[in-house]
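Next come the chains, spelled out residue by residue.
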Amino acid sequence: MLSYVSSRVLQTVAVLLVISFIAFLLVQNLGDPLAILLPPDATLAQRDALVRALHLNQPIVARFFSFVVDMLHGNFGISYRTQEPVAKLIAERFPATAELAFVSLLITIVIGIPAGVYCGVRPRSWMARAIMFTSIAGVTLPNFVVGVVLIAVFSVRLGWLPSFGRGATVNLGFWTTGLLTRSGWESIILPAIALSTFQVTFVIRLLRTQLMEVGRSEHIRFARARGLPDRRIWYVYAIKNTLLPVITIMGLQLGNIIAFSVVTENVFAWPGLGTLFLQSIQAADIPVIAVYLIFVGAVFMVINLAVELSYPLIDPRILKRTS
Amino acid sequence: MLDVRGLTVTLPTETVGITALDGISFDVKPGEVLGIVGESGAGKSIAGAAIIDLLVPPLKRTAGAITLAGERIDHLDAQAMRKVRGRRIGYVFQDPMTSLNPVLTVGRQLIDTMRAHLDITRGMARRKAAEWLDRVGLPNPRETLARYPHELSGGMRQRVVIALALCADPVLLIADEPTTALDVSVQAHILQLLRDLHEESGISMILITHDLGVVSKMADRVAVFYAGRVAEISTVTELFEDPRHPYAEGLLQATPRPSLTGRGHVIQQIPGVMPALGKIPGGCAFHPRCSRASEACRTRVPELREEGGRSYSCFHPIGGKAQ
Ligand SMILES: Nc1ncnc2c1ncn2[C@@H]1O[C@H](COP(=O)(O)OP(=O)(O)O)[C@@H](O)[C@H]1O
Ligand SMILES: [Mg+2]
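Sequence order for the protein chains is A and B. Per the working numbering, the first sequence starts with residue 166, numbered consecutively. Per the working numbering, the second sequence starts with residue 309, numbered consecutively.
Next up, chain A with everything else stripped away, as it sits in the complex (with noise of 0.2 angstroms):
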């Protein structure tokens, strides 16, 4: 257990350095620092100065290395754009997206599973057959369109919610919450439909082949020979088996969900790092892009690290397997 778990913290730490020596070589490569921040009119000390700030008077490793030490601290420099600390800059927005986030996935878990247990347990019943219709539209309609659609129907023609922004914000001091006000339940349920319905048919799909998989295997059918009742068998016996897949696929859609919301909060204006990260292309805002990738890859990685911490817990054979 103690190698399993050592080693999958390892590979997460080697994979952060690497998207961080990706994100630092952007950093170095792309723009010319000095000739943004400086004033036009600066000295030759305070151009040496800055140099030395930004540690350009050293070799490439060790830059890199201060570049690390420096993320380690909280320091993440300085945005090209508006000149201020883009670990500001991202504690700023991070709360609208996680909070858009952890809906999605709300919504992902409360309709997902209920509806793909359903349709792997019936495949053959009217409604899972109207279901798995329907989620074909779930999984070839762009979040954009989904998204505008959505507008058009329940902000422009009934007029029932918000289509852009957060609407009102509580600050708890270390978070700024939406989740606490009623215009924020109803400026977050647009856009988190809009994101969540891609998630949402595809966690149908998934159950429904694992499902019908599993019970189609010989533990099922001996479980049927032995009379245990048709629930037990389903809902215990076959779903501990789909666990695994099931708990992988949803952990790498929060993750999607994350990473992938730049196009949903442009659409309803959300004001995330996804938006965040758009205005920094368009400014060519070098160091927010790079700490924008490299926080994706962390959080991609995290949320990797903990699903595959969670595999031993689900199904025994894991840890004989890698052993």
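Please keep in mind that the hints were generated in silico from the structure rather than gathered at the bench. In this text, a Cβ means the ideal position worked out from N, Cα and C, and glycines have one as well. It cannot be assumed that every hint is accurate.
Stated by the list, open to error - Derived EDC-like pairs: lysine to aspartate or glutamate, alpha-carbon spacing no greater than 20 angstroms straight-line:
{"hint": "1", "chain 1": "B", "residue 1": "Lys587", "chain 2": "B", "residue 2": "Glu347"}
{"hint": "2", "chain 1": "A", "residue 1": "Lys405", "chain 2": "B", "residue 2": "Glu459"}
{"hint": "3", "chain 1": "B", "residue 1": "Lys337", "chain 2": "B", "residue 2": "Glu614"}
{"hint": "4", "chain 1": "B", "residue 1": "Lys436", "chain 2": "B", "residue 2": "Glu508"}
{"hint": "5", "chain 1": "B", "residue 1": "Lys368", "chain 2": "B", "residue 2": "Asp382"}
{"hint": "6", "chain 1": "B", "residue 1": "Lys337", "chain 2": "B", "residue 2": "Glu379"}
{"hint": "7", "chain 1": "B", "residue 1": "Lys391", "chain 2": "A", "residue 2": "Asp395"}
{"hint": "8", "chain 1": "B", "residue 1": "Lys368", "chain 2": "A", "residue 2": "Glu383"}
{"hint": "9", "chain 1": "A", "residue 1": "Lys405", "chain 2": "A", "residue 2": "Glu378"}
Said to hold, decoys possible - Counterexamples of contact, computed for chain A against chain B with all Cβ distances above 10 angstroms:
{"hint": "10", "residue": "Met166"}
{"hint": "11", "residue": "Ser171"}
{"hint": "12", "residue": "Gln223"}
{"hint": "13", "residue": "Arg228"}
{"hint": "14", "residue": "Val275"}
{"hint": "15", "residue": "Asn308"}
{"hint": "16", "residue": "Val314"}
{"hint": "17", "residue": "Gly330"}
{"hint": "18", "residue": "Thr342"}
{"hint": "19", "residue": "Leu345"}
{"hint": "20", "residue": "Gln447"}
Take the given structure of chain A and dock chain B with the ligands to it, following the hints.
Relative to the frame of chain A, chain B with the ligands by itself:
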């Protein structure tokens, strides 16, 4: 104990239904071990699965009466059938590597099976589960309860499977090739275990196997299957010393039996192969491979007839009366 009359199983295709079992009949007397033998593909497993209504779709039982201890069990609703499976009829599948649920402990699977049928508390079920592991010859029953299937060897797993099949005290055990998937060295132990359990409890048994050696050690009577029909039903002694059906004789000659014939016994294969499903010739299915075949064999299907306590379906039986 069990009486099967005219059991017919069909494999529906888009145009026609292919007959997989063609009106087979046999019975098992209380406390008896009935062997079912025949080449691979003869329909032995289908017959076993049809009895407990667990045919793999699209196979379907289309005719026949199945009576267990005087009670018809071929038209029970799902709930009543569930109470037959495990509780009245125990079933052992061929491959212990795939028969057990990989993500649940041995104890959990035993306890769930007992609690599905017997009115006992969890604690009692736990105690009985340990007793069962002891009865099937597993060391350290208490610790084994907490083991997962992958932690056990093939032979140990098959012991667990047998415990699972018997733990709700059925009156009939159907074992479908219970030793075929095991190492040769383990096969004898599992057969010995089945014989011991049979002697202890007097349970009736159907032992399905392609191995006449297994039948000679275990069975009281034997039903010889060929291409979805019953060729002959005789006691073990009658079959081995005085077979009626040419196919039964052919099977015997194809089996090495040093103990019965001494040195120099020549193994003789039956010429040709058993026809696949849907390619079964008209008349007696065995006629293309039979040296005694006549015109009648090519055109008419010989019925299973009883003569002097044994049955066979042949127009030209060896040493018997012609039909
Ligand atoms: N689910 C199924 N679908 C189609 N054909 C099947 C199915 N199960 C078995 N068969 C075919 O039926 C015949 C008899 O199978 P089976 O009873 O498993 O033979 P055996 O005597 O070796 O146990 C074989 O030809 C097999 O290929
Ligand atoms: Mg078989």
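* **Hint numbers not upheld by this structure, sorted from lowest to highest** => Hint check: nothing fails, all pass.
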